[in-house]
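Heads up: the protein sequence lines correspond to chains A and B, in order. Here the numbering used here = 1-based position in the first sequence + 159. Here the numbering used here = 1-based position in the second sequence + 1304.
It is worth saying that the hints were derived from the structure and are not from the lab. Fair warning: there could be bad hints in the mix.
Claimed, not checked - Cross-link-like lysine to any residue pairs, in silico, SDA-like; alpha carbons within 25 Å at most: (1) A:Lys208 <-> B:Asn1401; (2) B:Lys1328 <-> A:Asn200; (3) A:Lys260 <-> B:Phe1378; (4) A:Lys260 <-> B:Lys1382; (5) A:Lys260 <-> B:Glu1348; (6) A:Lys208 <-> B:Ala1306; (7) A:Lys260 <-> B:Ile1309; (8) A:Lys208 <-> B:His1333; (9) A:Lys208 <-> B:Gln1341; (10) A:Lys260 <-> B:Asn1355; (11) B:Lys1372 <-> A:Ile262; (12) A:Lys208 <-> B:Gly1320; (13) A:Lys260 <-> B:Ala1392; (14) B:Lys1372 <-> B:Gly1320; (15) A:Lys260 <-> B:Gly1320; (16) A:Lys228 <-> A:Lys260; (17) A:Lys260 <-> B:Ser1362; (18) A:Lys217 <-> B:Lys1328.
Next come the chains, spelled out residue by residue.
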Amino acid sequence: AQSVTQLDSQVPVFEEAPVELRCNYSSSVSVYLFWYVQYPNQGLQLLLKYLSGSTLVKGINGFEAEFNKSQTSFHLRKPSVHISDTAEYFCAVSLSGNTGKLIFGQGTTLQVKP
Amino acid sequence: DAGVIQSPRHEVTEMGQEVTLRCKPISGHNSLFWYRQTMMRGLELLIYFNNNVPIDDSGMPEDRFSAKMPNASFSTLKIQPSEPRDSAVYFCASRSNTQGGNQPQHFGDGTRLSIL
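With the hints as extra help, turn the sequences into a complete structure.
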């Protein structure tokens, strides 16, 4: 069975500092990987996705993630965060079949402080 | 383009009442998902449809919950009778599966349900 683990439930960071949100997955088959962001009182919004090819994926709002197959990780990074990046971030995997069903991690709350 | 539209945005009702949540997926999307989000349990998939047909309802908590998709542009999630432990934010998401599993899901803004 597939699973996703987000290693940190909360990540506090000062504005303009770099940040890394960690995500590990387990799967015996090929997967697609996604990061979503949820702002307060809103639904989830796609940040970026890894399907194949280059292991470094760039997304919206200056975020990027690196797929590491040997470590089964897909960590999210941003070199300099803003107050507006304060939100909850979800890592998710989808099997490479056609169901589109996502397995979500537990979420990481990013708290950007001035 | 219009995104996934959910209604109502907020619902407060008393225990025992029937609750109906509504979702309009993005036009052209042929998969629809219902999720529940709580502090304790996080984001849970309740049920999903492909081409209006329920594919996996293993996440539906119990018989009090039911979901329908009568056509490609509308789905409902019904709770009858409702209980306080059903209080949560319910999300609907849709996606296109014409290119396989690599298409992302698009989420609505959710319905915040409070059962008193």
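Proposed proximity, Ile1309 of chain B with Lys260 of chain A (alpha carbon, max 25 Å): Holds, at roughly 20 Å.
Pair hint Lys208 of chain A and Gln1341 of chain B, alpha-carbon separation not exceeding 25 Å: 22 Å, holds
Pairwise hint evaluation, His1333 of chain B against Lys208 of chain A, where the allowed Cα distance is 25 Å at most: Within the cut-off at roughly 19 Å; holds.
25 Å Cα cutoff - pair Lys1328 of chain B, Asn200 of chain A: Holds - the C-alpha atoms of Asn200 of chain A and Lys1328 of chain B are around 19 Å apart, at most 25 Å.
Restraint status (C-alpha distance of Lys260 of chain A to Asn1355 of chain B at most 25 Å): This hinted pair holds, its Cα atoms lying about 14 Å apart.
25 Å limit on alpha-carbon distance, applied to hinted pair Lys260 of chain A and Glu1348 of chain B: Given that 25 Å is the threshold and the Cα spacing comes to 12 Å, the pair holds.
Given hint Ser1362 of chain B paired with Lys260 of chain A - CA-CA distance at most 25 Å: Holds, at about 12 Å.
Proposed proximity, Phe1378 of chain B with Lys260 of chain A (alpha carbon, max 25 Å): 19 Å, holds
Restraint check for Lys1372 of chain B with Gly1320 of chain B, where alpha carbons must lie at most 25 Å apart: 21 Å, holds
Restraint status (C-alpha distance of Lys208 of chain A to Ala1306 of chain B at most 25 Å): Given pair Lys208 of chain A, Ala1306 of chain B holds - Cα atoms ~22 Å apart, limit 25 Å.
25 Å Cα cutoff - pair Lys260 of chain A, Ala1392 of chain B: Holds, at about 21 Å.
Lys260 of chain A paired with Lys1382 of chain B [C-alpha distance capped at 25 Å]: With a Cα-Cα distance of about 21 Å, the restraint between Lys260 of chain A and Lys1382 of chain B holds, given a limit of 25 Å.
Figure legend: structure checked against the earlier numbered hints; hints not met, in rising order: 12, 15 and 18.
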